[in-house]
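Visitor: If you're matching them up, the sequences are chains W and B in order. Going by the working numbering, the first sequence runs without a break in its numbering and finishes at 279. Going by the working numbering, the second sequence runs without a break in its numbering and finishes at 185.
Read the hints as simulated data drawn from the structure, not as lab findings. Since this is a predicted model, take the numbers as computed values, not measurements. Misleading hints may appear alongside valid ones.
Some chain B residues near chain W, calculated using beta-carbon distances under 10 angstroms [as the list claims (entries may be wrong)]:
#1 Cys-28
#2 Phe-33
#3 Arg-34
#4 Asp-44
#5 Val-46
#6 Ala-49
#7 Glu-56
#8 Asp-113
#9 Arg-122
#10 Arg-123
#11 Val-133
#12 Leu-140
#13 Leu-142
#14 Pro-143
#15 Leu-153
Glycine included, each C-beta is placed from N, C-alpha and C at the ideal position.
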Amino acid sequence: MSSTKDPGAVIGAWLSEGPTVLRDDVLAAALADVHRRRQRRLRFPWTRDVPGRLPMAGLAAAAVAVLAVGVVGLGLLGGGGLIGGPGPLPTPSQGPSPSPSPSPSPSPVTSWTIDSALYPYAIQLPAEAVTIRPTLATIAWDGSSRCIPGDPCTDWIGLDDAPTAVSRQLWGFGAPTSLDLDAFAADMQRRITTWVQGAACPAEPATTRDLELDGVPARLHAFTCDYGGGPDLQLRVFAVRDGFGLVLGQGKPGSGEVLDEAEEIDRFLASLTGFRWKG
Amino acid sequence: MLTPLVEQARAGDEDAFAALARAVADRCLAIAFRILRDTGRAEDAVQVALVTAWRELPGLRDPERFEAWLHRLLVHACYAEARRGRRHGANVRLLDIEATHPAGRDEVVTIHDRDQLERGFRRLPHDQRAVLVFHHYLGLTLPEVAERLGIPLGTAKSRLHYATAALRAALEADARTVPARERSA
Chain W
1 MSSTKDPGAV IGAWLSEGPT VLRDDVLAAA LADVHRRRQR RLRFPWTRDV
51 PGRLPMAGLA AAAVAVLAVG VVGLGLLGGG GLIGGPGPLP TPSQGPSPSP
101 SPSPSPSPVT SWTIDSALYP YAIQLPAEAV TIRPTLATIA WDGSSRCIPG
151 DPCTDWIGLD DAPTAVSRQL WGFGAPTSLD LDAFAADMQR RITTWVQGAA
201 CPAEPATTRD LELDGVPARL HAFTCDYGGG PDLQLRVFAV RDGFGLVLGQ
251 GKPGSGEVLD EAEEIDRFLA SLTGFRWKG
Chain B
1 MLTPLVEQAR AGDEDAFAAL ARAVADRCLA IAFRILRDTG RAEDAVQVAL
51 VTAWRELPGL RDPERFEAWL HRLLVHACYA EARRGRRHGA NVRLLDIEAT
101 HPAGRDEVVT IHDRDQLERG FRRLPHDQRA VLVFHHYLGL TLPEVAERLG
151 IPLGTAKSRL HYATAALRAA LEADARTVPA RERSA
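Next comes chain W alone, as it looks inside the complex (with noise of 0.2 angstroms):
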């Protein structure tokens, strides 16, 4: 660059530069996956387009309500236990890993196991899910590294109900522990908010429910982290079994709206009633 010319000037002109036009077979396949969704119609319509977080009241009533309906809901799912009723899971196959352009139809996976290579669970995921790029850990946590969904040493998988977006994500990851659960969490929870670089994570969560995990007593955190484009709801869960800390969780990549806490740990929590501990 010449040193005469304005840095801004040339970086304006340089991001001028390049692709200005959606193709047409690629907004046909947006298109082709919106007809086949429903829109998300508003639990607490006064929650429309809330840029920050909900007034408190309203919201602790709110999910107080939707908690219930779910508490109960899963515990009918889950026989017993809000989490559990393990069935035979199937054999793992490595489905395709459909990309979301430019066909507007890849073969959809309608269901998908999570057998985990290095760690000792699986997870049979409802019928109606659709994996997108499952990958499964390679490199076993060691306990004190950051480990974050997007790492190796994390099991991997986007679940929709179809198949072109990511709408959620769910991973999970362990190591050996001594702690008990009530410790682990909170090592966690602490771990969380200084792994993510440029993330704000609360040091503790919003909201932490007690449940089992496939008859083990797990517990769930929410919170939200700032990733730098608006809040940004989390949800974990954690259990020790036999000196073996796991963590699962949820995130929901890409909405960048408040979400409806209690409806999010409905869908976390109904993914994983085909939790199985392993060994």
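With the hints as your guide, set chain B onto chain W.
Guide: Quick look at chain B alone, frame taken from chain W:
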């Protein structure tokens, strides 16, 4: 102008949403490409953003804010796509910059500028890229960028500062290396 379509789409009218999508899709692709620097991933991000917009549209209170709201969804989709990109990192391709931008094409951005900007930009975190794109490409003011991205003004300023400094450093590094190349040529 889009407001009636937004209202119809918000009520569940797919045809209205299709018209809406056609009206905004090109701009979304342009933004996503400039953040991700990859056409395929940009297309994926636009698809995700449009589908998310359809699903979440009933939650949009002010139809006049549709495009700003959509852009925020798009940026989140770009971040998610980037995270997936890191995990599936083999899908990285470098552009043949000299082949696509012949020498002497214009006077503002030289071939070496493009090369260095491309390399410098790819090293930036995606949240800094987004601020750069919204400010320098869309021409939004920093308060507008902050509002559009849902971040504090101070955060937008610092991201723009660091990103600009990084790209300036890349360009100046280029300026220092060009004479050496010329000497060795």
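Visitor: Evaluate each hint against the coordinates.
Guide: Here's how the hints hold up against the structure:
| no. | hint | result |
| --- | --- | --- |
| 1 | Cys-28 | holds (7 angstroms) |
| 2 | Phe-33 | holds (5 angstroms) |
| 3 | Arg-34 | holds (6 angstroms) |
| 4 | Asp-44 | holds (4 angstroms) |
| 5 | Val-46 | holds (6 angstroms) |
| 6 | Ala-49 | holds (7 angstroms) |
| 7 | Glu-56 | holds (6 angstroms) |
| 8 | Asp-113 | holds (5 angstroms) |
| 9 | Arg-122 | violated (13 angstroms) |
| 10 | Arg-123 | violated (14 angstroms) |
| 11 | Val-133 | holds (6 angstroms) |
| 12 | Leu-140 | violated (12 angstroms) |
| 13 | Leu-142 | violated (13 angstroms) |
| 14 | Pro-143 | violated (15 angstroms) |
| 15 | Leu-153 | violated (14 angstroms) |
Checked against the numbered hints listed earlier, the structure breaks hints 9, 10, 12, 13, 14, 15; every other hint is satisfied.
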